[in-house]
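*Asks:* Chain by chain, the residues run as shown.
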Amino acid sequence: MNQSRILFFALVLSFILFPCHSVDSGILSRIDAMVSFTDTDFGAEYLIEKRDPGGSISTSKVVMFRRDRSRLFLVLILEPSVDTGKGYLKTGDSLWLYDPVGKSFTFTNAKERFENTSVRISDFNASNYAEDYRVVAQSAEKLGKFDCDVLSLESIQDSAPFAKVKIWVSRENLVRKTEDYSLSGLLMRTTAVPTYQKVGGRWAPYTVVIIDNLKSKLISGKVEYERTTVTITKPSLRVLPDSTYSKEYLERVAR
Amino acid sequence: MLFFLAFRNIVRMRRRYFFVALAVALGFAMATIVSGAAFGALDAMKGKAARYFAGEVSVQGFHDPIRSHQRIERADELAEELARNIPSIRLAIPRNIYYGDDATLIFGGETVRQRRLVGVDFARDAEEFSGLSFVEGSLADITRDASKSSILISEAAASILRAHVGDDVTLSLLTDRGQYNSGTLVVRGIFQETSLFGYVAYLPLDTLNLLTARPVGAATDIAVYGHPGTLSINLAEMVRVELSRTHTVFPPLATKDAVDAALASGVSAQVYAVLPLEGNLSQMQEIMSAFLAITYTALFVFVCIVMIGILNTFRVIAHERTTEVGTLRAIGMQRSSVLSLFMLEALYMSLAAILVGLVLSFLGFGLLSFVDLGRIPAAGLFTVHGKMHFQLDPLTTVLDFFIMVAATVVAAAGPARKASRIDPAAALRMEA
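Residue numbers (this note's numbering), protein chains in the order written: chain A, 1 to 255; chain B, 1 to 432.
Don't take every hint at face value.
[As the list claims (entries may be wrong)] Below, a list of computed lysine-lysine pairs in the DSBU-like style, where the Cα atoms sit at most 35 Å apart: (1) K217(A) with K142(A); (2) K256(B) with K247(A); (3) K103(A) with K256(B); (4) K166(A) with K148(B); (5) K148(B) with K217(A); (6) K111(A) with K256(B); (7) K111(A) with K148(B); (8) K256(B) with K86(A); (9) K148(B) with K222(A).
Quick caveat, the hints were computed from the structure, so don't treat them as lab data.
Use the sequences and the hints to build the structure in full.
*Replies:* Rendered as structure tokens:
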């Protein structure tokens, strides 16, 4: 009896001394739901601006169509002109890269960098935290003006590009910051989503800033990282024909 | 008697024979140097390729059709089993190759993609890697490193990264499960490599296993090396037959594409593919064959010129010795003996000249080995430590020998036949 009492008080004391958030198992599904469009297609124009440490800037403009319920997306590059017509098509687990010069499709990896920026091709996928990750730790933190839950995630699917991810989620269940770690725990990429835009009843990021933590240079005594800024404009929820998500469509629009 | 006479005639007419012998000697030396250089270049290239592709014969293990899942569990045991059961094997050792094209070295904000990463047991595989030319550091530095957090990078990669020996570089790659992983490795050596086999980095086998999340003791390949003179195609078949006694093995496969085709037909359990080095070098072999063909065409023209020289010299010799031949015929020497005498002289002369030619070719090997070709970019593919490498192929040398002897004897045959037909009376009248 005495032993049980001691154990109970020790437990209470540990909660008082080391307060922590209990892990909310449903939060990942709620995050995914906030930015997924399962009842229609989502389309938008992405302006991707990469700034190398030291200053050189390169810009790409792409148009993206996504059908979240079927896990499809099509990305067509509009700029720079040298890459115009190049595109990516994801159908199920297959990702194809179309080269308009050679007029050929090659199988490619979603974990590749997009146009040599810090954006990965997998970033065009619909948010899928609930299926790819499990929460291993949760705490609270203020991120600028946002009160956030900080979730440490570990991958449970091979399709998840990063083995470990830390996300800052604001009260509206919108991801405001992400840190992507390699399997060995090295911080590879930091992503901030300062602004969202409302599209239908859901949300889509408006600006995304990605810092490549592996690409840095010491410039004038200050460490500068490669920074990619993505601005998403002209969001649309127009239902697109099935033929949009096909190789033939990519070939046709590339002409 | 004829043998003695022929020898005496050569000594007596040494001035006449000298220039013919010199031409034969130079011809043989040229043929030997060119073929030695060609075979040496091929050998140097194969040495580099064997480091890059995993041995003269590569044993690859698969348990599903996905190339990136290539794996041999307990590779050490299998390597030992092969080395024990096949006497022609000089070395069988596990290698771990990262075939993905997304491995990236990062240092000081610069990145460089690596065409492949090769995990090596440096302590046991030292001999095969001793051919690497280091511009900084050495093989011993990485072999001594007990932490195994080290890497050898190419000069091209080091130049882009502005990295030196002792710098910590970050290696980023995908695990076999497809997730990003990274490691910090100390550069222990920077080596020169040609662009064909460049943008490769070598690191300890266990370290690459750790980074790709492969089990300890696993490898993608077993690199098999044969004793000198063992053809890799024959060795591959020996390995295939030996493996097939206890394991499932694909039928003989000549190229990497054939392996991919075999994989595409379906794999559900552990299966092995045995690929000779030539399977990865078919294009290079074609280039070398073309080079040899051009060289031998040039040599053929040279031999023809030498033959004309021999023919003319023997004509003069036969003419000058008309009286001598007439006397020999008058005292009873048969026509066939006169013919044999001249032919023996040609044979002796060619043998002596070839011997001199062989000595000259070795002198040529020695002199040319001092020439530094390291600054010529494409030459690195065919050189060892930036210098020309020569290898005498016994079969080709014997062939060169017979070609030169035959050329001399054939060139001498016409004048010799003519000399044997000299009428003794007419010859003696001419003297009178």
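*Asks:* Does each hint fit the structure? Answer for all of them.
*Replies:* Now the hints, each set against the structure:
{"no.": "1", "hint": "K217(A) with K142(A)", "verdict": "29 Å, holds"}
{"no.": "2", "hint": "K256(B) with K247(A)", "verdict": "29 Å, holds"}
{"no.": "3", "hint": "K103(A) with K256(B)", "verdict": "26 Å, holds"}
{"no.": "4", "hint": "K166(A) with K148(B)", "verdict": "30 Å, holds"}
{"no.": "5", "hint": "K148(B) with K217(A)", "verdict": "27 Å, holds"}
{"no.": "6", "hint": "K111(A) with K256(B)", "verdict": "25 Å, holds"}
{"no.": "7", "hint": "K111(A) with K148(B)", "verdict": "28 Å, holds"}
{"no.": "8", "hint": "K256(B) with K86(A)", "verdict": "30 Å, holds"}
{"no.": "9", "hint": "K148(B) with K222(A)", "verdict": "32 Å, holds"}
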